[in-house]
Structure formats: C-alpha cells, structure tokens
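Engineer: Sequence:
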Amino acid sequence: MHPLPGYWSCCCLLLLFSLGVQGSLGAPSAAPEQVHLSYPGEPGSMTVTWTTWVPTRSEVQFGLQPSGPLPLRAQGTFVLFVDGGILRRKLYIHRVTLRKLLPGVQYVYRCGSAQGWSRRFRFRALKNGAHWSPRLAVFGDLGADNPKALPRLRRDTQQGMYDAVLHVGDFAYNMDQDNARVGDRFMRLIEPVAASLPYMTCPGNHEERYNFSNYKARFSMPGDNEGLWYSWDLGPAHIISFSTEVYFFLHYGRHLVQRQFRWLESDLQKANKNRAARPWIITMGHRPMYCSNADLDDCTRHESKVRKGLQGKLYGLEDLFYKYGVDLQLWAHEHSYERLWPIYNYQVFNGSREMPYTNPRGPVHIITGSADGKIVDDVWVVRPLFGRRTYL
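Going by mature numbering (1 follows the signal peptide of the UniProt record, and there is no 0), the letters in the sequence shown line up with residues -26 to -1, 1 to 366, in that order.
None of these hints come from the bench; they were simulated from the model.
Glycine is no exception: its CB is placed at the ideal position from the N, C-alpha and C atoms.
Check each hint, because a few of them may be wrong.
Said to hold, decoys possible - Here are the computed lysine to aspartate or glutamate pairs in the DMTMM-like style, where the Cα-Cα straight-line distance is at most 25 Å:
| # | residue 1 | residue 2 |
| --- | --- | --- |
| 1 | K64 | E182 |
| 2 | K247 | D293 |
| 3 | K282 | D272 |
| 4 | K247 | E33 |
| 5 | K64 | E200 |
| 6 | K297 | D207 |
| 7 | K101 | D241 |
What the hints assert, rightly or not - Pairwise CB distance ranges, derived in the manner of DEER restraints:
| # | residue 1 | residue 2 | range |
| --- | --- | --- | --- |
| 8 | N267 | K247 | 53 to 61 Å |
| 9 | K74 | W315 | 17 to 25 Å |
| 10 | V53 | G18 | 21 to 29 Å |
| 11 | V53 | L284 | 27 to 35 Å |
| 12 | V53 | H105 | 33 to 41 Å |
| 13 | Q285 | A88 | 51 to 59 Å |
| 14 | Q39 | N246 | 39 to 47 Å |
| 15 | L61 | N319 | 23 to 31 Å |
| 16 | G78 | M329 | 31 to 39 Å |
Let the hints inform the model, and build the full structure from the sequences given.
Structural biologist: Next comes the structure, spelled out in structure tokens:
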C-alpha cells in the first residue's frame, strides 16, 4: 500500500442487516412501483428505474420545489423482462437518466406516464470532484422476510445521513422465487430508501437463478456488463464492484472469469495512475477471501477460489488487488460482521503496532452480511489524520 493524501474526512459505513418485505400482488397496472435510483457514472446525472405491469411511456418530471409543478422533463425507455419461472411473468422495467443536475442540490421527482404516476420522491444530486467526504450505508444479505432494520435505514435516509447505498450482494432470498414475486416484494420494501439514494449493487449467490436474470433486469448499474462488474468515482474514492459468482457458477461460462479479470486489471491500472486525484481504491464483492466462521464456505479454505483463482492459480484476485494497492475490500455472504487487520497472503501488514490501520501496507477487509435481523449500531469511520490514512 502507498501512503496516500486523505480527503475523506468522514466516511461512515453503517452496517444494517436483514430487511424484510411485505406487499400484495394487485391487478396489472400502469402505475409505477419499485422505484429506485442509481448513479450511471456521469457527473451531474442520476438514473431512475421502476416497474409497471403494462407497457407505458417512460418519463420523469422533476424540479427543485417540493410542491407545485415539476418543470423539468426527461424521457427514457423500457424493456420487457420475462421471468424464468413456470408462469413466465412479464415485467416492464423503465429507465430514465436525468442529466445536468446541480451538484449537491436536492430535487423532487415523480416517474411514470399519463397512464399513471408515482408519488413524489426526493434525492440530492451527488457532489462533483474529489474534495468532499461521502457517507455510505454498506450491507449485504438482507432477505425478504424480516424488516427489523428497515425503520432504522429509512429514518437515517430521511435525515440525510447517506450519500449512497452499497448493497454487497444477496437481496431477497431469492428474487426469482414464487415466479419473481419475492423480487417484487423486496423492491417495494427498499423503495423508501432506494428512491432517495443511489442504490449501488453487486451480485451474490442468491441471485444466480436463470443466469442472474432478475438481478440484471431490475438494477441499472454503470457500464455495459449488465451490472456484474463496473466501477465509478465518488469523492476521493474509486469504487469497483465485481462478481465473485463467476468463480462458482461455471456452467454460465468460464470465459466470464477471464473477461472480468482482464477488465479488473485494466480498471485498476487506470485507478492507480489517478491516485493524486482519487487516493482511495475500494472494492465490493459478495464472497470474502477470508473469514473466521466455522462452516464450509469458500473463505474457510486456505486457498479459496476468490483469493487464489480456479485450480488455485487461474485469475486469483488477492495478488491482483495487492499489486495495485487496493485500500479497502467490502464483502458479505458470511452472516456476521468482521474487520481484519491489513492482510495479504495470510500475513498481517499493519501500519505499525500502535496504529495498525494508519498507512497500512495491505488491504483492509470488512465483512458486513447478516440474514437474521441483527443490526450493528456502531458506525465505523474513516478519517484522515495529519495526512495519513486512518481507520477508527
């Protein structure tokens, strides 16, 4: 790792777990539902995604005033998603990207068409540049049956605590179940949060059914890899989302392992050259390299697939991430919270005995996954201290 200048004065990783979902099916409708935001990677932009049950136009009306007319308009498109279940249910997924947004300004919007509009939502456009301190809600492994964490997450969102959400895989257990109705319930559940914040994702093992089709269809991530791997810049950080699942579901194609690895190396090369502007490199993937749980998961193996690659030597990620100085690696899958000392190849690389997380010489791993309704209330803060990188 390299000593890096710090601009991230307070990045809060609030770890929230196991949201549930309730909802009714209703008749086929043109009214938008399951509204959520994502950041498409272009400064001054935001993508709005929603679902209808009949084909309609895709339009967002937005403005700065909380009441009265919404003077701005943006149009987009929809795609027909046919679930792979026995009923072959049809969903119409709409996407509209808003552009030329003023950085840090709050907007009011609604989405839909003349056939039906959503209620009004609010969001704050992301700030531009690197000299500000993003606040992130980071979690994985939510599920669709236990809403204990939802009031906390909703309240914090309403109070403006976060700039974005990072959901590190495993969404509804499983979105494809009950002919994708579980996915519908889950997307309705997260709407109070996801319609107000960019909700950035990566795939987990519970998204696998029908070649990750529900995940690919429902979320709108940057890039052209169907949300399986992509990267984006947020403040002083370059954030890379990738799929650990390509190492485990090889029947969808071993070529995906190679494609992702080559993309990762190219992206990391560019990010490493841009350290002066964005000193942090953060990754998020579902299955961790290391863990302390006593189960049979990949992370309990000395040479895990994610860490060492296929057959222990092909396209392993630990050497790649270490080579390019990745600072922080976010994981889920294990239903626990763990934070490791800076580590590489099972060797601790602390900054010093007294301050292990200050200028560490290896990446810090955090596991933030739970499916049992527990909430970790403590906030983990990243803060530069006298020009050094410090984890508190």
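Engineer: Compare the structure with each hint and give your call.
Structural biologist: Quick rundown of the hints versus the structure:
Among the hinted pairs, K64 with E182 is consistent with the structure: their alpha-carbon atoms are about 19 Å apart, no more than 25 Å. A distance of roughly 18 Å separates the Cα atoms of K247 and D293; the hinted pair therefore holds under the 25 Å criterion. About 11 Å separates the Cα atoms of K282 and D272, which keeps this hinted pair within 25 Å; it holds. With a C-alpha separation of about 39 Å, the suggested pairing of K247 with E33 is violated against the 25 Å cut-off.
Taking the CA atoms of K64 and E200, the gap is near 19 Å; set against the 25 Å cutoff, the hint holds. In summary, the hint linking K297 to D207 is supported, as the alpha carbons are separated by about 20 Å, within the 25 Å threshold. For the proposed pair K101 and D241, the alpha carbon gap of about 23 Å is at most 25 Å, so the pair holds. For the hinted restraint 53 to 61 Å between N267 and K247, the CB-CB distance of approximately 37 Å leaves it violated.
Checking the proposed 17 to 25 Å range against K74 and W315 shows it is violated: the Cβ atoms sit about 45 Å from each other. Range check, V53 to G18: Cβ separation about 25 Å, and the 21 to 29 Å hint holds. Look at V53 against L284: about 33 Å separates their beta carbons, and that is inside 27 to 35 Å. Roughly 38 Å separates the CB atoms of V53 and H105, a value that falls within the hinted 33 to 41 Å.
Checked against the given bound of 51 to 59 Å, the beta carbons of Q285 and A88, roughly 57 Å apart, stay inside it. Between Q39 and N246 the CB atoms are about 44 Å apart, so this pair conforms to the stated range of 39 to 47 Å. A beta carbon spacing of about 49 Å between L61 and N319 contradicts the range 23 to 31 Å that was offered as a hint. Between G78 and M329 the beta carbons are some 33 Å apart, a value that agrees with the proposed interval 31 to 39 Å.
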